[in-house]
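This is what each chain is made of:
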Amino acid sequence: MTELKPILASLGRHKLIASLLALLVALTCAIVCNVAFMIQRQEALMGLPSGVAEDRLVLIDSASLDRTANQLVRHQTDLAALRMIPGVESVAAVDALPFNGNNWTSSVQTSPDAQAYEVASLFNGTRGELGTLGLKLVAGRDFRADEYIPLDAAHGNDGVRHVASAIITKALAERLFPGQNPLGKSIYPYDNPIRVIGVVEHLLRPDVDAGADNGQSILFPLLPDTNSITYVLRTAPGERTRVMRQAAATLYRVDPDRVLRDPQTFVQLRADYFQREREMIGLLIASVVGLMFVTALGITGLANFWVLQRTRTIGIRRAVGATRADILRYFQTENFLIVTLGVVLGVTLAIGLNLLLMTHYALPRLPLWYLPVGAVTLWLLGQLAILAPAVRASRVPPVVATRSV
Amino acid sequence: MFAYYLDLALRSLKRNPVLTGLMVLAIGLGIGASMTMITVLHVMSGDPLPGRSAKLFVPMLDPRAPDSGQNARAGIMGTPDAFTWVDAVNLLREHRADRQAAMSAGSVAITPLDAGQHPFFAGGQYVTADFFPMFDVPFAAGNGWTDAQDQARARVVVLNAGLARKLFGDGEAVGRLVRLDNTEFRVIGVLRDWHPQPAFYAQHGARVFGGPDQFFMPLQTAMELQASFRGHFSCWGDGTESRTSDQCTWLQVWVELDNPLEVLAYGRYLDNYWRDQQAHGRFPRKDAPPRLYGLMAWLAHEHIIPDTLSMQLWLAVGFLAVCMLSVVALLLAKFLRRSGEISVRRAMGARRRDVFVQFGIESALIGTLGGLLGLAIAQLGLWSIRQRPDGYAHLAQMDVGMLVGTVALAIAASVLAGVLPAWRACLVAPALQLKTQ
Chain E
118 MTELKPILAS
128 LGRHKLIASL
138 LALLVALTCA
148 IVCNVAFMIQ
158 RQEALMGLPS
168 GVAEDRLVLI
178 DSASLDRTAN
188 QLVRHQTDLA
198 ALRMIPGVES
208 VAAVDALPFN
218 GNNWTSSVQT
228 SPDAQAYEVA
238 SLFNGTRGEL
248 GTLGLKLVAG
258 RDFRADEYIP
268 LDAAHGNDGV
278 RHVASAIITK
288 ALAERLFPGQ
298 NPLGKSIYPY
308 DNPIRVIGVV
318 EHLLRPDVDA
328 GADNGQSILF
338 PLLPDTNSIT
348 YVLRTAPGER
358 TRVMRQAAAT
368 LYRVDPDRVL
378 RDPQTFVQLR
388 ADYFQREREM
398 IGLLIASVVG
408 LMFVTALGIT
418 GLANFWVLQR
428 TRTIGIRRAV
438 GATRADILRY
448 FQTENFLIVT
458 LGVVLGVTLA
468 IGLNLLLMTH
478 YALPRLPLWY
488 LPVGAVTLWL
498 LGQLAILAPA
508 VRASRVPPVV
518 ATRSV
Chain P
98 MFAYYLDLAL
108 RSLKRNPVLT
118 GLMVLAIGLG
128 IGASMTMITV
138 LHVMSGDPLP
148 GRSAKLFVPM
158 LDPRAPDSGQ
168 NARAGIMGTP
178 DAFTWVDAVN
188 LLREHRADRQ
198 AAMSAGSVAI
208 TPLDAGQHPF
218 FAGGQYVTAD
228 FFPMFDVPFA
238 AGNGWTDAQD
248 QARARVVVLN
258 AGLARKLFGD
268 GEAVGRLVRL
278 DNTEFRVIGV
288 LRDWHPQPAF
298 YAQHGARVFG
308 GPDQFFMPLQ
318 TAMELQASFR
328 GHFSCWGDGT
338 ESRTSDQCTW
348 LQVWVELDNP
358 LEVLAYGRYL
368 DNYWRDQQAH
378 GRFPRKDAPP
388 RLYGLMAWLA
398 HEHIIPDTLS
408 MQLWLAVGFL
418 AVCMLSVVAL
428 LLAKFLRRSG
438 EISVRRAMGA
448 RRRDVFVQFG
458 IESALIGTLG
468 GLLGLAIAQL
478 GLWSIRQRPD
488 GYAHLAQMDV
498 GMLVGTVALA
508 IAASVLAGVL
518 PAWRACLVAP
528 ALQLKTQ
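So the sequence lines, in the order shown, correspond to chains E and P.
Position one of the first sequence corresponds to residue 118 (this note's numbering), numbered consecutively onward.
Position one of the second sequence corresponds to residue 98 (this note's numbering), numbered consecutively onward.
Check before you lean on any hint, since a few could be wrong.
Partial list, computed: chain E residues near chain P (C-beta under 8 Å) [unchecked claim]:
1) A139
2) D183
3) I398
4) L400
5) I402
6) V406
7) Q426
The calculated SDA-like cross-link candidates involving lysine to any residue, where the alpha carbons are at most 25 Å apart (straight line), are [what the hints assert, rightly or not]:
8) E:K132 / P:R434
9) E:K287 / E:R387
10) E:K302 / E:R312
11) E:K132 / P:T465
12) P:K263 / E:V190
13) P:K383 / E:R312
14) E:K132 / P:G437
15) E:K132 / P:K263
16) E:K253 / E:D263
17) E:K132 / P:K383
18) P:K263 / E:M475
19) E:K132 / E:L425
20) E:K302 / E:D275
21) P:K263 / E:A180
22) E:K122 / E:A518
23) P:K111 / P:T465
24) P:K111 / E:K287
25) E:K132 / P:G334
26) E:K132 / P:R365
27) E:K302 / P:G334
28) P:K383 / P:R365
29) E:K132 / P:E438
30) E:K287 / E:G218
31) P:K263 / E:D379
32) E:K132 / P:L524
33) E:K253 / E:Y305
34) E:K122 / E:I134
35) E:K302 / E:G218
36) P:K263 / E:Y369
37) E:K132 / E:R375
38) P:K263 / E:K122
39) P:K383 / E:M361
40) E:K132 / P:R435
Just so you know, the hints here were simulated from the structure itself, not pulled from any lab data.
Small disclaimer: the values here were computed from a predicted structure and weren't measured.
For every residue, glycine included, the Cβ atom is placed at its ideal position computed from N, Cα and C.
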């Protein structure tokens, strides 16, 4: 501890440079903490589980041009043809899927005149949707064949006012009926009561955001009857590529008068959905690296200057008995003190910056554990940056003290 | 004197190329990152319709039911950004502005004339007659349709240059027939590749800075054919969720008002309309009176520039600040190391001002070099942004003004960074330094 005194005395004579360095460290600390938090949030969003068997699914969007035809019949014909493709285990026609953006949201109440409501996404599909998507039923049962009715898209999706049963996600069940068994209870997306007959483990909404209600979904036994539809094919392991190639050809053979969007795997759908987030993460990481690099640059540059400026002093210290390790430790301790000052300031700045981001960009509060991690990172960075100049200082021979210049 | 100082600066920079290189690199990185983001935001916040934008307005009514406010994670209501069919039709019929049009985005399947090719989708707008004169849409051939054709649900279409070329090559397109959604339409106009950025008239969303609308079809025709619409379709209450419901918003309405008096008059008209409808039991939100936004104000209201972009700008500015601090520290070190040289110059008669100017010029030189490097880095950054999938990506280009601005910013930043070190340097006392040497 006796070593601290001369260091403090020396720093006191270089207030300007020392405070510049501390300010540099503080700014970097504040920005890096907040950016790291943003990176973590983007990662969390990208890692959201969808609840479906992602590595087994192939999707193909089809839009029939013949609007006079009975679309329900057409979908059934298409499904039958797709089912015949070798490697296909099951098929379903659906409107919404996690990440496909086809987000039909509705408020849901537990009684027709309740004031409280939850917001959920509605999923409709043909029989076998649960099995094809690979949704895990944790309570109740799947829909029976006699429960399915048309969606009636031509009349403002009127089917939803006549449907009698629904399967909801566990997340929604816990919000609507906390601590109760949701089976047999009624939900009211509209005026008509709809009985909950099953609960699935998880099904992500077609559009996700950083909010907490991404898992609030409802499945209805409603048959999509619009001319544009998404077919989901569940394939045997390793068969996705071959099935994809055959699906388009099969559908064109059934009816050439349609528009097909390129078949894709669910994995591709997810990757495309998060492309922007992936790039944002790349950018954020690049900026963290850049910040640390420039900060290290500043620290090293100044340390070099100090070592050169003090060559004579170092020589004198060595001549009167200081070891190389003493000199090394002197510069390391000095750097530690400056960085500590910067970190203290930086932690305050980080919280301030986070408050600014919270008001202007609706970011949540920065978890406190980011601050010590940021502090340790900058201490390490400081020590790393000081190492080369400090080692050079420790190599100054004692004989320097005897030279006149 | 300037030439002499410049020569001194060059010598000094050459004496320690590593330190010089690091300083230039720090400025270059900071300037490059900032200018990349400033350029992107600059091109995105431009006026999409210079000369006409001051006359274009968006009326906005809030017809929704009052929010019960009982959702713990509220926020689905927000402010409305679209019209119901009923209100749009009323405003168009009452015709109180110089021009008015309603519109919605949609897509149609187009059957190529060449048999054997598969049909394909094209995105466009369903609009009413005034759309073309109001936005001064440039026609290469033919023209738009009339109010009468709107009412008659005419099967006519205006194609943008890209789609016309795709369908008809370089031949005459006006007067030809084209199959959209299995219905025959007559092409009555072809646009000169009209592509305002952003597509201010459309409902805002990911596509606002995207590719151009490929076709324009009468709105009523699209309604009759049940063409497919795109964009937010937001309903409330217990009515049917149909396009013609007065409880579903989805349409954009624009009006042209040529002078401030008309703007005032139109505002009054909207207020009257709102009260009149309230008398009929509509517009239950008494605390949400009608609004009238100018074009640029509307774009700001709609947050047309994604939040992530402005956040990236602030990040870049923070990065620049760190770079500048680093450069200040390095310059300080560099200048003070030359205390001996300074004191000799001072002892030989150089005034403080001379020393200050000399070091200022040295800083500016570093700034110029850093600016040039920053320019290169910004070009690299813009190139990488052009590879993004976002619609605005292709806009990321620097114009001459931004080029000059980049170098100017770099020099300004480095001179600023040099002020403190140069000031410290000129404080060096002549006698003391000579003595310690």
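Taking the hints in turn, this is what the structure says about them:
1. A139: violated (10 Å)
2. D183: Since the shortest Cβ distance to chain P is 7 Å, the answer is holds.
3. I398: With Cβ-Cβ at 12 Å, over 8 Å, it is violated.
4. L400: With Cβ-Cβ at 7 Å, under 8 Å, it holds.
5. I402: At 12 Å from the nearest chain P Cβ, E:I402 fails the 8 Å test, so the hint is violated.
6. V406: violated (11 Å)
7. Q426: Interface hint status for E:Q426: holds (7 Å vs cutoff 8 Å).
8. E:K132 / P:R434: holds (17 Å)
9. E:K287 / E:R387: With Cα atoms ~22 Å apart, E:K287 and E:R387 stay inside 25 Å; holds.
10. E:K302 / E:R312: holds (6 Å)
11. E:K132 / P:T465: violated (30 Å)
12. P:K263 / E:V190: Outside the cut-off at roughly 34 Å; violated.
13. P:K383 / E:R312: violated (36 Å)
14. E:K132 / P:G437: Judged against 25 Å, a Cα distance of about 21 Å means the pair holds.
15. E:K132 / P:K263: This hinted pair is violated, its Cα atoms lying about 70 Å apart.
16. E:K253 / E:D263: holds (22 Å)
17. E:K132 / P:K383: violated (62 Å)
18. P:K263 / E:M475: violated (48 Å)
19. E:K132 / E:L425: Judged against 25 Å, a Cα distance of about 18 Å means the pair holds.
20. E:K302 / E:D275: OK: E:K302 and E:D275 at ~22 Å, within 25 Å.
21. P:K263 / E:A180: holds (21 Å)
22. E:K122 / E:A518: Given that 25 Å is the threshold and the Cα spacing comes to 22 Å, the pair holds.
23. P:K111 / P:T465: Holds - the C-alpha atoms of P:T465 and P:K111 are around 15 Å apart, at most 25 Å.
24. P:K111 / E:K287: violated (69 Å)
25. E:K132 / P:G334: violated (68 Å)
26. E:K132 / P:R365: Distance of about 65 Å is beyond 25 Å: violated.
27. E:K302 / P:G334: holds (23 Å)
28. P:K383 / P:R365: With a Cα-Cα distance of about 16 Å, the restraint between P:K383 and P:R365 holds, given a limit of 25 Å.
29. E:K132 / P:E438: holds (23 Å)
30. E:K287 / E:G218: Holds, because 22 Å separates the two Cα atoms, which is no more than 25 Å.
31. P:K263 / E:D379: holds (20 Å)
32. E:K132 / P:L524: holds (16 Å)
33. E:K253 / E:Y305: The given pair, whose Cα atoms are some 24 Å apart, holds under the 25 Å limit.
34. E:K122 / E:I134: holds (19 Å)
35. E:K302 / E:G218: Distance of about 29 Å is beyond 25 Å: violated.
36. P:K263 / E:Y369: The hint holds at about 23 Å.
37. E:K132 / E:R375: Violated, at about 76 Å.
38. P:K263 / E:K122: At roughly 80 Å apart (the allowed maximum being 25 Å), E:K122 and P:K263 break the hint.
39. P:K383 / E:M361: With a Cα-Cα distance of about 55 Å, the restraint between P:K383 and E:M361 is violated, given a limit of 25 Å.
40. E:K132 / P:R435: Distance ~19 Å between E:K132 and P:R435 Cα, so the pair holds.
Hint compliance for this structure: hints 1, 3, 5, 6, 11, 12, 13, 15, 17, 18, 24, 25, 26, 35, 37, 38, 39 are broken, all remaining hints hold.
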